[in-house]
Amino acid sequence: MALTADDVKRVAELARIAIDESEARAVLSQINDVFRLIAEMQAVDTRGVEPMSHALDVTQRLREDAVTEGDQHALFQSVAPHVEGDLYLVPKVIE
Amino acid sequence: MHKATIKELSARLAARKLSSVELTRHFLSRIKALNQKYNCFITLDEEASLGQAEAADRLRATGRGQALTGIPIAQKDIFCSRGWLTTCGSKMLSNFVSPYDAHVVERLNAAGAVNLGKTNMDEFAMGSSSETSYYGPVRNPWDVATVPGGSSGGSAAAVAARLAPGAIGTDTGGSIRQPAALSGICGLKPTYGVVSRYGMIAFASSLDQGGPMARTAEDLALLMNVMAGFDARDSTSLERGREDYAREIGRQARGLKIGLPREFFAEGAAPAVMKAVEAAVAEFGKLGCETVDVSLPNMRLSVPVYYVLAPAEASSNLARYDGVRYGFRAPEYADLPDLYRKTRSQGFGWEVKRRILIGTYVLSHGYYDAYYIQAQRVRRLIARDFAEAFKRCDVIAGPTSPTTAFRLGEKMDDPVRMYLNDIYTIPANLAGLPGMSIPCGFDAAGLPVGLQIVGNYFAEARMLGLAHQYQLATDWHRRIPPGCDA
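Residue numbers (numbering that gives the first Met the number 0), protein chains in the order written: chain A, 0 to 94; chain B, 0 to 485.
Some hints could be false.
Only pairs whose alpha carbons sit at most 30 Å apart, straight line, appear in this in silico DSSO-like list of lysine-lysine [to be verified]:
(1) 91/A <-> 6/B
(2) 8/A <-> 274/B
(3) 90/B <-> 8/A
(4) 410/B <-> 8/A
(5) 16/B <-> 6/B
(6) 410/B <-> 390/B
Since the hints were derived computationally from the structure, they do not count as laboratory data.
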C-alpha cells in the first residue's frame, strides 16, 4: 500500500510541520521506500503473541506523594525564546 | 600521552607523574589542531574543562581520586551538561544551554572526570553516518573521504584520532557499536535500564541506552563503573546493586561457549568484513572457547520492526519542540499554530522530519494495530530468538556492520540503504540486550572492521572479560589512523 502526497500533507499537519506541495512530493518516494521495507514484517503471523512494549518486564515504580522539585523557573525560563513577567509568550490565541 | 589508554593515564595521575591540567591542555591543543579536519566537536569550553581539571588535581592531591579523576572524556552532544551548549546536532537546539546535568554527566562529574567537549552527531541521533548534523558531517580519521558511522560519530572519531582517551555515546539501533566499528575503536551498549536516560535527549525511549566508547575493553569497564547505576528520575532505570564491570577482566576465556548465529554469517556482509570476523572467531578458538551454531530466524525482520517503533516513539518524543519554552523559534509567524508549524519545519532537518511523518502515520487512527502493535508482536519474536540462542551459548559473536566505512554522501539519498547499515545491531536494542563492538581487522583499503559481541541480560562484565582476553592476543585496537600518532 503506497501513500499519496495528500497523505503526507495530512500527516504533516498532524505533526505540526509546515510542508509545501513540492516538499511533500519529494519526501513521498523515500517514505514509500521505507513502507515497502516495513511491509516485510506485516506479513508475519503473530496470532497469540503478546506485544512487547518494553525490553524488560518491570513494573512502574511508586514513590511517596511528596514535593521533590524546588522552584527553578528563573533558571528554566532563562533559555526560553520569549518570556515576560515569568510567563512564556506566544501569539494571542483568543481575541 | 594521547596514545595512552585511560587505565595508563589514570595510573600516571595517581602516581602524580602527570596532572589533569597538563593532560587536558594536551588534548585541547590536539583538538585545536585537528578538529577542523574531522569536525568531531561541536562545542569546546577550555575554561570550564580546565576548571574541572584543576579541581581533579586538588582531589588527587588529597589522595581521594578514583579511576576517572582527572581523565578528559568527550560527551556526545545528546547529553545535557549544565552550562554547556547542548544541541543534539540540531538547529532546533542550536541555542540551548542546558540548565541541568544528565545523570551520566552528574556521575562523571562526581568521579572527577573532565568534560573535554561536546561531540558532533547525527541530528537527534537519527542516522548511521553522522552526516545529518546541523553542524556538518564528521569525517573518519582512517580516511577523511569516508564517514565515521553514526549517530555517535563525533565521539568515535575523537577517540580514534586520539583527540580524547574516551567518550560517551548513545545507542538506539547501533549508534555506539556501528561508529565504533567503522572508526576502529571499542563501544558498549549496556543492557537496557542499566544507564539512566535522565538528561539524555530522547529519541526512541524503549530502545535508547547510553554507553562508553574507548580504545580498550578495560577502559570501557572503567567508564561503565561510573556511568551505570540506579536513578529514580528515569522510570525505566533498574534497581540493582553496584557492580564492578572490570571483575572478569583477568578471567580466562577457556570454556566459554560462543554462539554463531547462522543469519549473521549467511549473506549480506562484505567479504573483507566476514574474513576479519571469521579470523576473530578462530582467535577465540585459540583462547579455548567453544563455538556453537545458533539461529535467530526472525533477525531479518529487525530493521522493518525498528522503522515502525523508533519513528513512532520519536514522533511522540519530538512533539516537545514547539518553539515556546526553549530552543529555536521561527523568526516570523502569523498565529500560534503557524508558530508551531514554522518552528518545526525550519528547526528540524529532513531525516528527522521524515521519521516524524512516518511515526505520526503509523500511530494514526486506523493504522495503529497494523503497524505499531504488529511491530511490538514481532519484537517479542525477535527477543524469544535470543532467549533460545542463549540456552546454548554464553555470548553471541558476528559482524557489527555489513561494510567498512562508506564514502560521504554515498547513502544520503537512499534512506533504506542507510538503514540497512544497522541490520546486525538493531536486534540487541529490540531485545534490550547488551552489545559491544571491538576492532578485529582491516579491509584492503585500510579501513577498520568491527566484531560484535552480544551477551545475555547483565552479561557486560563477561563480555568485557572476553574482549580483554582477545585484546591481549591481538593488536588491532592499538592501530592508529594515519597522521594521528605524532
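Going down the list of hints, with the structure as the test:
1. 91/A <-> 6/B: Answer violated: residue 91/A to residue 6/B is near 58 Å, above 30 Å.
2. 8/A <-> 274/B: violated, 47 Å
3. 90/B <-> 8/A: holds, 23 Å
4. 410/B <-> 8/A: holds, 26 Å
5. 16/B <-> 6/B: holds, 14 Å
6. 410/B <-> 390/B: violated, 38 Å
In terms of the numbered hints stated before, the structure departs from hints 1, 2, 6, listed from lowest to highest.
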